[in-house]
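Given these sequences and hints, build the entire structure.
Take 2 as the starting number for the sequence shown in our numbering and just add one per residue.
Possibly wrong hints are sitting among the right ones.
With a cut-off of at most 30 angstroms between alpha-carbon atoms, the simulated DSBU-like pairs for lysine-lysine come out as follows [as the list claims (entries may be wrong)]:
(1) K175 x K194
(2) K154 x K35
(3) K150 x K35
(4) K175 x K5
Please keep in mind that the hints were generated in silico from the structure rather than gathered at the bench. Treat the numbers as computed from the prediction; the structure is a model and nothing was measured.
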Amino acid sequence: MVSKLYITQYAGITVMLPAAMVVAGWLWCTASRKLALLWLGVLSVAYFVVGLSKVLFKGWGIGLESLDIAVISGHAMNACLVSTVVLSLLLRQLDHRLRWLALGAGLLSTWWFSVQYVGQTIHPLPEAIAGAVVGSAAACVFLFRLERKEIRKIPRTALMLGLAIIMLSTSIPKYTAERLLNSFAVTLSGAEKAFMQPHWRTPGESSRL
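Spelled out as structure tokens, the structure:
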């Protein structure tokens, strides 16, 4: 369990947000500013959905009791969205025809990660699945839109710099946005403190919201 928790940290914003910015940089270099902005827009919507679920629960205790979902997992969303798009862009450098293989492999591996790692450490399984659904949907929307554009090869310098940034981000201390979200949610709701556990869940089932 400890090793799974350690690995799960790599799907947090400390690694995935820099990786997402690298994707934006690659798109800027190879396609167009509009495509880079589209990526940032899709990313922002996915983050907004996850963030909204957390603010609603932390501030007011609102969740989906029937589905056992208090919040949507950001780690699962990050893995399915960012990792899949990064893999797709990298395999396109080898052969454009590999783009669909990349999509399938990316979604398959990140769903496995979401279920086996996120869903067994920092979130209950339904929350991990919800995050995977959001991330997968966002990845598919973006990559299908990418089909309409001509993507050139990523310049070698930009490719190596981007990979170096991603590798560097894996070596620094891992942080989450939970404290910031707690403060924001409490400020909006006026609650004395943030909700940390849904009323329908037993103490042993609490997640690291």
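Original post:
Any of the earlier hints contradicted here, and which numbers?
Top reply: none
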